[in-house]
Every structure is written in C-alpha cells, then in structure tokens.
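All chains, please: the whole structure from these sequences, using the hints.
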Amino acid sequence: MDYSGGRVLLSSQREGQATHYSPRVLIFVPLAAILFQVYVPQFFEFLHFLELPMLVVVYFALMRRSQLGGLFLGALVGIAQDSLTTKPLGMYGIVKTLVGYFAASVSVRFDVEHNLIRGMLCFFFYLFHQCLYWVMERALLGHQPPFEVQSWLVQGGLNAIVGLALFHFLDKLRSSA
Amino acid sequence: MDFLNRYRNITVLFLVIFGQLLLLAVQVKSDRNVPIIRVWTVTAITPFARVLEALRGGGTGFFRNYIFLHNADAENRRLHDEVDRLKMDNIFLRDQLNTADRAHALALFQQHTQSKTLAAIVIASGAGVNSKVVFVDRGSGSGVERGMAVVTPDGIVGKVVAVYPTASQVLLVTDPDFAAGVISQKGGVRGTFKGQGSPMGLVDYVSNSEKVELGEWFYTSGDDRIFPRGFPVGVVKSVHSGSPFQQVLVAPSGIEHGIDEVLIVIEGVHREIPPVQTANQPVYIAPPPPDADAVREAAAAEAGATPTEADKLRAIYQAAGEAQGHEYGRGYKPPDLLKLPAPGNATAAPASNGATPSQSPPSPAAAPPAAVHAAPPAAPPATASGAPPAPKTVPNQRLANQAAGAQSGTSGH
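Chains A and B, in that order, are what the protein sequence lines are.
Under our numbering, the first sequence has 53 at position 53, and the numbering climbs by one with no breaks.
Under our numbering, the second sequence has 1032 at position 32, and the numbering climbs by one with no breaks.
Derived by calculation from the structure, the hints in this document are not laboratory data.
All values reported here derive from a predicted model rather than from experimental measurement.
Some clues are possibly wrong.
Sample of chain B residues facing chain A (criterion: CB under 8 Å; computed from the structure) [unchecked claim]:
1. T1011
2. V1012
3. L1013
4. I1017
5. Q1020
6. L1021
7. L1023
8. L1024
9. Q1027
10. V1051
11. L1055
Pairwise CB distance ranges (calculated) [as the list claims (entries may be wrong)]:
12. B:N1033 / A:H48: 39 to 49 Å
13. A:P145 / B:A1054: 38 to 48 Å
14. B:N1065 / A:P145: 31 to 41 Å
C-beta: ideal position from N, C-alpha, C; glycine also.
Listed below in structure tokens is the structure:
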C-alpha cells in the first residue's frame, strides 16, 4: 500500500482495505489502555487528561474499517472502563460505542494512514466523546457537570498528539497477513 | 431480510445502545429513589394506556349510553321503586328515632319521680267521635287498677276508666267527662280542671276575686285522690270574668306533643309545687370604695363627739349590759339596771363603738328602764315558731291547709 500520496480522501472503497490484528492484540491492547487509564494518573496527575481507551477504540475502528467491530469494541472497552469507575455501567459504554461506530464509518472515506487525518480524528472524537458524556451525565444522571470547552480543546490537542504516537506504535502490531 | 442486511450495522448499533441504556436504567434511580427504568417504562407506557383506556371507555360508554338502551326503562322503574322504598325506610327510621327519644325521656322521668309508675304504650284510640279515650297495653295483669292516673313528663294525660287483663282504657284530659283538682303555681288558686272535648280545658270554680294570670301554670292539687300533687296540668291561655266563676282556659301540656308512651301511676307520691322562677335577673353590686369605711367612722366619731341625750342614755344601758355580760335582744332576764356605770365611762362607749348608733335602731329617747325590759326582741316568739307574718295570713293559711291535705292524701295512697 502506498502512503506517499498527499490525499486525505479515498477515491474508492477498494482503496481502503481493512487491517487485521491478532486476537491477542485486540484483547491485550485495550486492556493495557484501560489499566493505564486507571493506574497511571494516580501516580502522574498531569496524565489525567489522557483518554487512552478512546484512542485505542478509534485506532482499531479506523484500521479495521468495520462498523460492527468498532461499535462492539467500543462497547466492551467502555463497559470495562465503567466497571472501574463509580459511575453506572453504560455511560462510557454508550459513548465509546458511538465513537467506535463513527470512527469505523469515517474510515471508509478518509485515508486513515495519514497523520493529519489521524490527528484530526483523534481531536474530533475526543471532543465528541467529552460532549456526549457531558450530555448523558446531565440527561441520565441528573448531574450538573461543568461545560469546559477550552479545557476540552486543549486536552483534545494533547490527546491527538499522544494518539499519533500511539497509532504509530500500534501500527507495528498489525498482522502480516 | 434485505432491509436487515442493508441496515445491519445501524440496527446493531441501536440495539447495543438500547441495551446499554437499559443497563443504565436498571442502575440509575431518579430523585424519588425509583429506578429510572421504571420511570421510563411508566412514562412510555402511560400515554398509550391512557389512549387505549379513553378509546375503550368511550366505546363502552357509547354503546352503553346510546346503543344498548333496551333495559333503561326497566332500570328507571326499578330505581324509582328503590327510592320510594328508601324514603319509607327513612320515615320509619326517623319515627323509630323519635320513639327512642321519647322512651328515653320517659325512662328518665320514671327514674327520677318518686311515684311508682308503669310505662305503657298507646295501642288504640276510642271508637266514639267525641270520646277522648285511648287504650294502653297494660292491664290488670300488670297491676293497673281503675282510677289510676296516667301522666307523661310533660303533664297529666288522663285517668284509667276501665281495666282489662291485657289493656286499659284511659280517659284523656280533653274528654268532657274528665275532671281533676288543680292549683295555680303563683297564687295557689284552686279549681277543677275539666275537659271540653277540645284541645283546651276549663279550670272551673275559680271565683272572680282570685287572681289568675295568663301564662301561669296549673298543677295537680292532689285533692281528687287520683292525681298526686305537683304534676303539671297546663298553662293558662285565657282568663275571663264570668258568673259565678271565672272562665280560665288551660292548654293541657301532657298531650301537647302527642301521646305514644305514657306512665301509669301505680303508687302516687305528692310533691311540692315548683316555685315560680323570678323574672328579675341578679344585679351586680360593685364593692364600696376603699375609703368608705374610713368616711363612715369619721362621721360616727364626729357624731360621737356631740352625742344627744338619747345616745348618752343608750350608752349607759349598753355599758351596763356589757359589764354584766348581757346581750340585748337575747334571753328574757334583763340586766340589773340599778348597777349603772359612771356617766363618764358610759359616754365613752359610743366613741369607741361608733358603728353601733348607726346600725341599731335607737330606742325611744324617753323610754324608761322598764320600757327597755319590755321591748320586743328582734325575733318574736310567733316568728320563731314558723307562722307566716300577718299581711300574708290568708294565702299562707291556704298553703298550710293544702299541706295538711297533701299529707292526708299521701297516707291514703
């Protein structure tokens, strides 16, 4: 596959081929992301802005180009993340389900190997993730969380940067077949 | 199937989202501590149920009110009959309640009166047009005898004129053959109450010189040996002078409210005519001002400073009585007035007892010591014996005679 071109949009469905990963990668990478999300911010407070599970979901949804795979992965990762928080099960599950589905949906139109696209998608899905979670927290839980747009924008940029690095690392875990 | 294949992904997405929403709803509770899934379910179901119920109720009502009217007329008649029956039941129950009230009053009267009475129920009335008789459900088997009085708490009703084993015939006070001795409450005017066949009765044999007032009550006098003394007869409605006696019409109080239950006096006990209740209400008299006594003592002291000859003589006698332990007005042994104290000591007495001259009526100034001895005491022997004062001799003498008669009547019963 030639990634040297400067195009960000695919000219046909055939250009976007699905990338395959071993089941171990599909299991352990999300688990590692969840564990990182749970433990690392306890020791490094400044890393609290990272949303590694979401980045992992976005990556696999983009690369596998499967809406069903994306939404199920998002649902599983989200519910697993919910189970490690004090919030009701389903909050992160719903959000990440939608993130995985939409990420898989846009992957058929964009060249997801492009760094700019990856960065923008990470930024956009982080904002989408935070906004949707804020809406659900208000609507379903009756809470009044603050609407911190500026913080979300900054954190979205940081997550995009981290996401680019993470995606490069995960690219190396692709199956050879 | 083609639709599902075409929209498989979005369908699965909705299912997964819906499943997680359900999962959330099971966990999350609303502000009122109700699981939010129940809130959602009720909120989702209620409008449909309301619509369905409105449709069902409207349809049922439409068919019931406009289509199926074949039995409405029969139901209307049945309801009318039921209303009539309920009205009759209501009247019956009210009558029962009134009967219970009258029976309760009768029982109270029977309990508090000293006479021995027997409760009876009026079961029939006389057959004659002018005869005012009724039948009661007590006869000789219950101890009823001919000539017994029949009363209610409101007054006399009549007397037993015939006794049967299980019933008795009572001549009412309104019958022309009825008569009873009566006495007025205020003036003690005696007479004979006679029925007239009308609601009013006549008190006969009341002379024109005797005073009977409108609204005055007449009570049984006990002279007829039928009605014990003291039972109310009726209230005076009209008084006219006549020849040779007054025409005093009395409304009998015993049959004023109808007669359903009566009391037959088995053993009568005479009682006093209740006193007339005064129409004057008590008048409040304020206490005297705090310095009234001081003013009165000052006036007495001033009067004591210049006593008259009578005051001096009275002071001498009073000092003599006090010295000998005698109190004027009590006992028959006079003080020894030959042992009079010195005039100087006696004149000081009024000053020391200033209230005495003003409170005690002064004796005649020229009364000699013998006159003091003969002066009548405050309570003469006649008064002490309980005889009435002279101006009221006539009516009270009548009362005394009545009391004597009452005693004889009581013994007779």
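Check your understanding: Of the numbered hints stated previously, which ones are contradicted by the structure, given in increasing order?
Key -> 1, 10, 11, 12, 14
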